[in-house]
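Since each chain comes alone in its own frame, lean on the hints to assemble the complex.
Chain order of the listed sequences is A and B. Residue numbering for the first sequence is 1 to 439, as defined by my numbering. Residue numbering for the second sequence is 1001 to 1323, as defined by my numbering.
It is possible that part of the hints are untrue.
Listed next, with one range per pair, are the computed distances between beta-carbon atoms [claimed, not checked]:
id, chain 1, residue 1, chain 2, residue 2, range
1, A, 296, B, 1004, 56 to 66 angstroms
2, B, 1246, A, 394, 50 to 60 angstroms
3, B, 1241, A, 40, 24 to 34 angstroms
4, B, 1280, A, 394, 14 to 24 angstroms
Read the hints as simulated data drawn from the structure, not as lab findings. Don't be surprised by glycine CBs; every beta carbon is placed ideally from N, CA and C.
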Amino acid sequence: MTDLLAARTLMAVSLGFHILFGVAGIGMPLFMALAEWRHQRTGDPIWTELARRWARGAAILFAVGAVSGTVLSFELSLLWPAWVELSGAAIGLPFTLEGFAFFLEAIFLGIYLYGGDRIGPRTRLASAAVVAASGLASGVFVTAVNAFMQSPGAAVLGGLSPAEAAASNPMVAFSSPVFISKAVHVALSAYVSVAFVSAGIHAFGLLRTPSSAFHRKALGLALAIAVPLTPLQILSGDRSARVLAEDQPAKLAALEAHFVTGPADMHLGGIPDPATGEVRFALLLPGGLSFLLHGDRDAVVPGVDSVPVDDRPPVVLPYLAFQIMVAAGTILLAISVWIALAWIRSRTLPSSRWLLRALVLAAPLGLIAMEAGWIGSEVARQPWIVRGAQRVEDAVTAQQGLILPLIGFTALYVVLGIVTLRLLRRHVFATLNWLEGAP
Amino acid sequence: MIVHLALLAVGLAVGAYCLTGGADYGAGLWELLARGPGAKSERRALANAIAPIWEVHHVWVLFAVILLLTCFPGGAAAIADRAHLPLGLALFGIVIRGSAFAFRAYGKGTEAFNARWGLAYGVSSVVTPVFLGAAVGTISSETSGDWSAAFPLAVGFLALSLFAYLAAVYMTCICEEGLLSLFRRRACIASGVAALLAVLTWWLARGAAPVAYHGLLDDSWSRALVTATVVAAAGAFGALLLGRFRVARALAALQVLGILGAWALALNGRLVAPDVFYSEVAAPEPVIRAALLASVIGLTILIPSLWLLVRVTSDRSRREIGD
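Okay, chain B solo, but in the shape it has when bound (with noise of 0.2 angstroms):
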């Protein structure tokens, strides 16, 4: 029983990464593709809603990472081995994107100096989401370990997609007039083509990743997550049409999570496939009971934490750092 909680809980910090330090990706994709007369207000905007914040949100990866090789050591192991390109590929993207955002917000820099580690930010926020991707797609598949086989590749792209698709509707809530519109189109489009990779990756599965493929459509469960899936994906679309940002947002996150659940439930109990189960690496119970517990202690020392930090940062006036 335990186990399920450690797994539920890995889950859980893949999901908050996800929905936030994803989202922060996305963000960096929108600043790439700025174009035109408004692209200096739009970058900013961009910039300031991730600057408090935005190492806080990559510590859920560091999260994830850490409570998986506690918990499942195996598996840690495994998933390293099947993925080791993407993922060291990902972590080059990690700490370029990183550091140039921290040499643009902290450094005071010239023109030349912005322009250039903002390119190197805008452009390790496009490709480390698509390794991190093709990372989840190569330990999913069971034909090859190859990284860069369509599966893989798609699914890099949709989480992409989904990362761009989230920047964009969190954009909406926080967003004046001019801009709104703006991200409001984007979102709109960022839903099309991630809905569009969706089905592509499906269908890519049925030849690379059949045990996912089978367990989405044979397994009840995740038969009715992917209904709610795209009904969450339905209604943030309706919502951003009819301008209820509040509730795209909810619900674009719940498709997000959706997406994650039922990709995890099609996997079967497998950490990689075809035969990495979660159970058979599971760390003694006692570690895995600590582990949980310490987790419990510090989300409840967190979660307030946090809800102090978005409060004070979430004036939109006051994102500078202040001089």
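Chain A extracted, bound-state conformation (with noise of 0.2 angstroms):
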């Protein structure tokens, strides 16, 4: 394996591992609030006991999403020291607003922890909601850095450095064309990534002790969170696509295997075979991604050819990830209809256990959807580590024997990911053994 390999998966490695803990960080503190919200406004202990089990599932999580997030900030200096220097004064300042509200995120999941009853009602629900505010926050800033990296935005495609941009506009990583998008689809992912795991949980729970109020009341919770941000996330996703359409259009051939320009089919499952330009197994719509973008199945869309050879993204990884994505997000809003339907028709959660069972099912779905647009998203962006500036290559580390640390880190996240699970497991047949059959 090459350093540059290895420095390239450590980097993967590193923020797969912490991906899911920015979720968590992001996701969880909007329940927590919620349920402390609805427990002050119906005094119903139900929501006490939800509330208090969200919050100490997030602080397992906060913890090892603070320790692994802190090796990503060293990791960007100890692997891409080129890419910090190139672009440090440009991604800085989301970097230090990111930091601003995590060090608020820290400071209220505190408060909220562990200041019992010497806050007041008021007081708690408020931390509360700075720790969901914050956490939102700190993924959105976070976002610009990637934005910037993935389209820095016409100075930077003129030819200015990422640091003579900045000179003439700190706030430039916030003006990447795919900055908004962006920020609405990685949020909503993280609201429901999260839910669909709560609702998983308590539909188990369901399943397990059908009179269960408290599983009710929480699934409640988790469906009122999944069911419209489901749509709205497949939505965001669609505008993503059409903004990669205008401003990254190899990226987006790429995630899609197109990859002769003209009219492109869209394509279901299946492998792309780069030599012959097909994907094989798949079943094919014909013209399906041009009527998809331009509303006419014969309209001209770039290849992966529309860019010189050496800055072709690669395309198997993409378009595999990319699949898995789109299937898991239509499976989410599959159930997400079902579930709205019902809901209009009997004003009531179904109760089918057929339903509940497609929920259990479907717990890990959107986190799998997540890592898996993520993978699509960084992989798509080769061999650019900020577009048009600098590639990956001569951003990496002039250090040698990177597999140690890959290696090291590799098997100290597959542990500390294994005793976290197991944490989380303990917690959660807690909860679900919880006054079994409670009030």
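Printed below as a string of structure tokens:
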């Protein structure tokens, strides 16, 4: 393995691990705050219990997220010093803001968790709300960094260095053409992922104890977020694709395995074969992508070949990742529609065992879609670390033997991941067993 | 001018990390060393002291890294290049330590589970500051990039001893009688060890980091700061003996800040010895101005929030997560 590949893999492992905790840090506080709010409105002890359990779960994940995030902040310079040197000025401001948002999240999570009865109900609710808001803000800020790398904007593409672009506009990362569509997509993915995990857990609880009011309320809360946001997320994905079609056509082409410029088909499944420029074993919708983007099945869509050979992204991995994301998203959409229809008809949460089973099975799909979407987006950005300004291979450190930290961190993250999962499982089962058949 | 402010901001973030997160490492060291019949209550006191707040303390290092990367991108790259290995090893320590602490605090695990992660927490609390200090030693040294040479390691152990010292001094301010005398004794011992290591480091710097060595001696400001630091150290020691623990805490904090400041002055404008000067690797001024402005606005929100956190968690009887 070359040091470049080792560095890329180490970054992928570190981010892929941290992203799960980042998503938890955005999504879980929302539920914690909502449960706290319901508790204060209704005085129902079930909501207190739920808020407490959300908080305890968030606390474990928040700690691991804090330290794995620190690893990333160092790895930027340790692995990609030339990138930091070139772009530090442009991406520093969103990182600084993220730092503050994270600070606030940590402080108010501490106040919420440890405040006990030394804080009044208002402070308590406000703390939960600040945790949720700053979690969201830190996700949005860090997305600005990624948006800048994906699409640094006209100034950099026109030949200015990122530092020069930042000198005339320190907020340059926030003016990236893909920033808004990305930020919306990232934020929604966090809420939808966490909501479906929660829905799966409480659906499982209801399958075991159909009479449990606790699980019924908790499931209702999860679905109140999941059902409306899932269609919005699909729309935001569609919006992202349109932005890409304008802004990074080669990236979109890689994600869709559209090799040659011309009318673009849509593929479902299969494996792209770059040698022949076809997608084998795929279900083909002729002109599908052209239609989706332009409303015309014969519209010309730039293919992977629209950029010089050296600038072309890989296709196989982005395509497969994108397919997984779309498939998972579609299933979640179907479930959401099912629940929405049932609710419109009967104004109650559906208690069909089939639906509950479907929710249990769908629990990890949001997280899977999120990770797959991230992989697709980052791999299809290649070969650039900042598009048009710097290539990944030119940014990597001159240090050698990067295989060792790769092995070390991978092993460490596997262990930490297993322990975290076991702790969470215990936490979840404690929740499931909590006053089995409680009020 | 604004470039100097940026350096000061990075320095303050590093200082804040040493005084807060640094002391938390020290708490881990004392947990590891706790022995005998009182060990259990001692560990409990140490863990409870940092449980609500260690993540907040930890954010200072993140903040220092981010400010460095924003205001001195070339400096961040140069530091990462020179101190690649000790920083990488410190990261391992940071991850293991934070995760282990959280597993033990929130896991509600068995005795064996807690003992295992408690050990991981203690060991990583001890090795991480050594690596972080060695990284500082490596970038200050111009003889070689070898972090395992005597000088960087001496800086590493100096950092560990100072953190242990801070932790023990802080504990004297919040402990009841039995533990109080224990931590007072430990603070005094750590203070002596830190003084010895400081002298050793300074002596080793003569060969390994001549720029810093001469900088300390020749610059009148750094001479004054060193003198003040020695006075603060002696004062803290005296205050410990007299039982004036809050005074000791303030002086100990000044002592650590003094050491950091003197080191920075001794490097005389360098981020990495011998020839990476901060003025030459600074980001464009508008960027620095924006980052500093964001920091000032951020701090005006942060400081009252921190005050609230400290206030609601400072009552020792309520340091357990509500059950």
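Evaluation of the provided hints:
{"no.": "1", "hint": "A/296 <-> B/1004: 56 to 66 angstroms", "verdict": "60 angstroms, holds"}
{"no.": "2", "hint": "B/1246 <-> A/394: 50 to 60 angstroms", "verdict": "54 angstroms, holds"}
{"no.": "3", "hint": "B/1241 <-> A/40: 24 to 34 angstroms", "verdict": "51 angstroms, violated"}
{"no.": "4", "hint": "B/1280 <-> A/394: 14 to 24 angstroms", "verdict": "22 angstroms, holds"}
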